[in-house]
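Visitor: Protein chains in written order, with this note's numbering: chain A, 919 to 1165; chain B, 4 to 365.
Just so you know, the hints here were simulated from the structure itself, not pulled from any lab data. Possibly wrong hints are sitting among the right ones.
To be clear about the criterion: a stretch of chain B counts as covered by chain A if any three or more of its residues have a C-beta under 8 Å from a C-beta of chain A, and this derived list gives those stretches [as the list claims (entries may be wrong)]:
1) 235-247
2) 287-298
Straight-line Cα separation of at most 20 Å, EDC-like style, residue types lysine to aspartate or glutamate; simulated pairs [said to hold, decoys possible]:
3) B:175 - A:1156
4) A:1032 - A:1115
5) B:237 - A:1115
The following label-pair restraints were derived from C-beta to C-beta distances [what the hints assert, rightly or not]:
6) A:1036 - B:288: 52 to 60 Å
7) B:8 - A:1097: 35 to 43 Å
8) B:167 - A:1145: 31 to 39 Å
9) B:267 - A:1081: 15 to 23 Å
By construction, the Cβ of each residue, glycine as well, lies at the ideal position given by its N, Cα and C atoms.
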Amino acid sequence: MFFPEAMTEVELIVPSKDLLAVTKVLGKHGVFHQIDSTYLGLENLGPNTWQERAAAYSTLERRIQVLMQNLNLQEEYSGPADFETVAELEPLQSAVDRIEEDVKKTSDQLNEEKKKLEQLESQLHQLEPIADANVDVGALRQSQYMYSVLGILPAENVSRLQTSLSRVPHAFFTLREDPKRPVVWLLGPRSNSDVIERAVKSAYLNPLSLPEEFHGTPAQINEGLRKAIEASKQRISELNATLTKLA
Amino acid sequence: MAGVASYAAISARVRAMYAELLTPQDMIRLSESPDFISLFNALKNTAYGPYLEGLKDKDINPRRVIMQAKRKLGDAFYSVIQMAPVETRSLVKQLYRYYELGNLKAVLRALVTVHTGNTDVGLWERVRDVLFPLGPASVLPAQAMVESGSVASAVDLLQGTPYEEILSFAMKRYSAEQNLFALEVALDLSYWRRLWSEAQRLTGQDRQHSVRILGSLLDMNNLMWAIRYRVYHKLSEEEIINYTLPFGYRVKDSDIRAIAAGADAASIIARIFPGIPDLNALLEHPETGLPRLEVLLKREIMKQCLAAFVGSPFHIGLPLAFLILHDFEIQDLIVLIEAKSSGLPEEEYRSYLLKADLLTQQ
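Construct all of the structure, not just a fragment, from the sequences and the given hints.
Guide: Here is the structure:
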């Protein structure tokens, strides 16, 4: 548990050439809190290379922290935290650049693959309600003259929706009977797509968005999705293994 | 249908409570109060007295007085629900849920108002004063909903309530449109469908009277929805049909569909309610005409309710009619309280008073 201690504000003015030596002495005591002096307008008093250098080290530290996170490594500082032992910045930067490039490439691929897996699983979940329907969904989507909506709506709205479309040529199919959430499929001329769209929206029909790249009946699409999910999981596992090697 | 014995006690109780309702003459006397404080003092000499006596001086304001008046209606509902025959109880409870529906809409509107940039200081305190005092009868976690900070989080808190299922569909639209219209319409339709279904479940005179009384309420709402969706929202025929109901007492589905399709609404209403005058003029100036039409339709409902007190009292129609008349009385009081507190001249609010209007018509 940390408890606050009373502190005294001290302003030290030292020549730039002695800055490092003074800071080292103060740092050894472990009780001196430095504050950013730029707001005091002191930045114009002399060259601020130490500030720039400190900022460069800080940036480098952040980059290393991100790398370690991507590699699932814990942050551990085993070496001495002494100014004398601080590594040179330039060689460190080039090493970090190289590691970063390797890790970033794999890490980006992994994130992309995870997103893809999430999308595939969502599509599979959406298709569940119509898994038994024997309809070629892909063919319907590509129809030039027909407008088609597939979705779930509150059961109590079904008959009103049908009534509302009584003056519009259409075909209405209940693909899955359900006392609360039936799955329905509505077909009409593409020229009436606006009317149909407004009607289904006002009936609170939630359309199912199906994957573009799969074709056939829902069962066939499901099979394709499951295979794609397996492949995606395999790829994620390989990318994780690559990251482990890099670590 | 429930037997005569099961209605003996409730019938006597409802008649006693009915006798305490304000008469049209009382309403005119109250209307003659010169200001809000005089009105408040006059109300203390009525059946609302016990609800107003306890108010401290600092609480004597329109909002608090309206809240206390609503408490009397809440007590009347509680009394009727307790005494109603078992088979009719769920119908009365569903009718009472109308106020919960109003509370739910108020909570959602408050959240949207905050979301669009208004101050959220003391939001719950401000919302609480406009909610119907349902007490433990409500399933709404109203305060938690208001404090949740967003419509989506508030709706999440409705899990396990009768509103969960219908809002799960409507929320998809709300997320896309960021407009409460979709939620409110879905809630309204669901409420009235349930009420109608409860009425249809009854038998004999219970069913006959509840369909007549509640169906008249539904008729008014359905007609006003269809007209407003057409006039104000410019909705398509299909949308109006989906946002209205296919049943009622005097207003048939074919009437609603005709209005949705663009037929002359005035002639349709005139055929259904031949006693309503000047329909063309009312519909030609919707800003003033539609509120007036709503008042005239409420008068038609009042007639149905008053008719329930004539003849056999052994049916659920009598308690339902009393509760609706009581609700209309509260609506009249709200008009009076708001008018007196804002110093409106009588000619500006008089036409909105249902009971006083009834006296004029007699």
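Visitor: Now tell me, hint by hint, if it's right for this structure.
Guide: Hints versus structure:
no., hint, result
1, 235-247, "holds (count 8)"
2, 287-298, "violated (count 0)"
3, B:175 - A:1156, "violated, 37 Å"
4, A:1032 - A:1115, "violated, 33 Å"
5, B:237 - A:1115, "holds, 16 Å"
6, A:1036 - B:288: 52 to 60 Å, "holds, 55 Å"
7, B:8 - A:1097: 35 to 43 Å, "holds, 37 Å"
8, B:167 - A:1145: 31 to 39 Å, "holds, 36 Å"
9, B:267 - A:1081: 15 to 23 Å, "holds, 21 Å"
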